[in-house]
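**Q** Listed below are the residues making up each chain.
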Amino acid sequence: EPEVTQTPSHQVTQMGQEVILRCVPISNHLYFYWYRQILGQKVEFLVSFYNNEISEKSEIFDDQFSVERPDGSNFTLKIRSTKLEDSAMYFCASSFGQGPNTGELFFGEGSRLTVL
Amino acid sequence: DAKTTQPTSMDCAEGRAANLPCNHSTISGNEYVYWYRQIHSQGPQYIIHGLKNNETNEMASLIITEDRKSSTLILPHATLRDTAVYYCIVRVAGYGGSQGNLIFGKGTKLSVKP
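Protein sequences appear in the order of chains D and B.
My numbering puts the first residue of the first sequence at 34, with every later residue one more than the last.
My numbering puts the first residue of the second sequence at 4, with every later residue one more than the last.
Just so you know, not all the hints are guaranteed correct.
Claimed, not checked - Using 25 Å as the maximum straight-line C-alpha spacing, the simulated BS3-like pairs for lysine-lysine come out as follows:
{"no.": "1", "chain 1": "D", "residue 1": "Lys75", "chain 2": "B", "residue 2": "Lys6"}
{"no.": "2", "chain 1": "B", "residue 1": "Lys72", "chain 2": "D", "residue 2": "Lys75"}
{"no.": "3", "chain 1": "B", "residue 1": "Lys72", "chain 2": "B", "residue 2": "Lys55"}
{"no.": "4", "chain 1": "D", "residue 1": "Lys75", "chain 2": "B", "residue 2": "Lys116"}
{"no.": "5", "chain 1": "B", "residue 1": "Lys72", "chain 2": "B", "residue 2": "Lys109"}
As the list claims (entries may be wrong) - Quick partial rundown of chain D residues pointing at chain B, CB under 7 Å, derived from the structure:
{"no.": "6", "residue": "Phe78"}
{"no.": "7", "residue": "Phe124"}
{"no.": "8", "residue": "Gln131"}
{"no.": "9", "residue": "Glu137"}
{"no.": "10", "residue": "Leu138"}
Stated by the list, open to error - Pairwise CB distance ranges (calculated):
{"no.": "11", "chain 1": "B", "residue 1": "Ser12", "chain 2": "D", "residue 2": "Glu142", "range": "21 to 27 Å"}
{"no.": "12", "chain 1": "D", "residue 1": "Lys75", "chain 2": "B", "residue 2": "Ala16", "range": "23 to 29 Å"}
{"no.": "13", "chain 1": "B", "residue 1": "Ala16", "chain 2": "D", "residue 2": "Gln74", "range": "27 to 33 Å"}
{"no.": "14", "chain 1": "D", "residue 1": "Ser99", "chain 2": "B", "residue 2": "Asn57", "range": "41 to 47 Å"}
{"no.": "15", "chain 1": "B", "residue 1": "Arg84", "chain 2": "D", "residue 2": "Ile71", "range": "23 to 29 Å"}
{"no.": "16", "chain 1": "B", "residue 1": "Arg19", "chain 2": "D", "residue 2": "Asp96", "range": "49 to 55 Å"}
{"no.": "17", "chain 1": "D", "residue 1": "Gln74", "chain 2": "B", "residue 2": "Pro24", "range": "18 to 24 Å"}
{"no.": "18", "chain 1": "D", "residue 1": "Asp96", "chain 2": "B", "residue 2": "Gly32", "range": "34 to 40 Å"}
Since the hints were made in silico from the structure, they are not lab data.
Note that beta-carbon positions come from the ideal geometry of N, C-alpha and C, so glycine has one too.
Using the sequences provided together with the hints, build the complete structure.
**A** Written as structure tokens, this is what we have:
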């Protein structure tokens with residue numbers, strides 16, 4: 034069964050450093066998403082991406098965050114200057130469409146980011 | 004904010020049916036009810052979704068009340084592997100039949116016990 038894959042599974046970084054989290058969505062999917070989950074809290078929407086541009090973003094997704102689809106397979110989340118509060122599990126997801134029969138999101142297993 | 008209300012936690016005996024309720028009293032006519040679950044700290048997993056008719060798939064059944072103000076997810080024969088947080092999500096309808104992004108609430112922590 035096709036799946037969303039994420040790398041790295043765990044990254045430890047120093048505060049102020051740049052981090053790039055990578056995702057390979059399911060190959061025929063057109064919509065891509067990033068969510069995050071701070072330990073013990075709920076899953077929070079960050080951003081959705083379609084046709085090489087951001088379609089929606091939350092208040093969390095400020096200027097420190099950016100997303101990119103550098104080639105036909107990868108979808109990346111960059112955090113420019115990490116803060117302690119960026120420590121979380123980051124989930125990538127993809128969907129074929131956004132309608133009721135195509136909008137099922139498939140999530141990856143997540144990348145755990147620890148900022149020291 | 005999430006548009007649903009779910010119990011914080013529930014227990015279920017292994018092999019019995021698990022019935023997880025969800026209230027969505029402000030749901031609009033073109034909004035779907037989705038269920039996802041998250042096992043431990045893994046990525047959320049899609050279970051089922053519906054508009055107004057009851058739905059069934061290989062994982063679960065979804066019963067939506069006639070007024071659409073509430074629904075119940077049924078896992079017919081719960082196993083220990085079904086222990087997870089279950090999220091009931093009302094997905095906002097967008098333009099041209101598209102739907103808004105999934106917005107997760109706190110969900111129900113289901114514990115299946117031997």
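**Q** Going back to the hint list, which numbers does this structure go against?
**A** Hint check: nothing fails, all pass.
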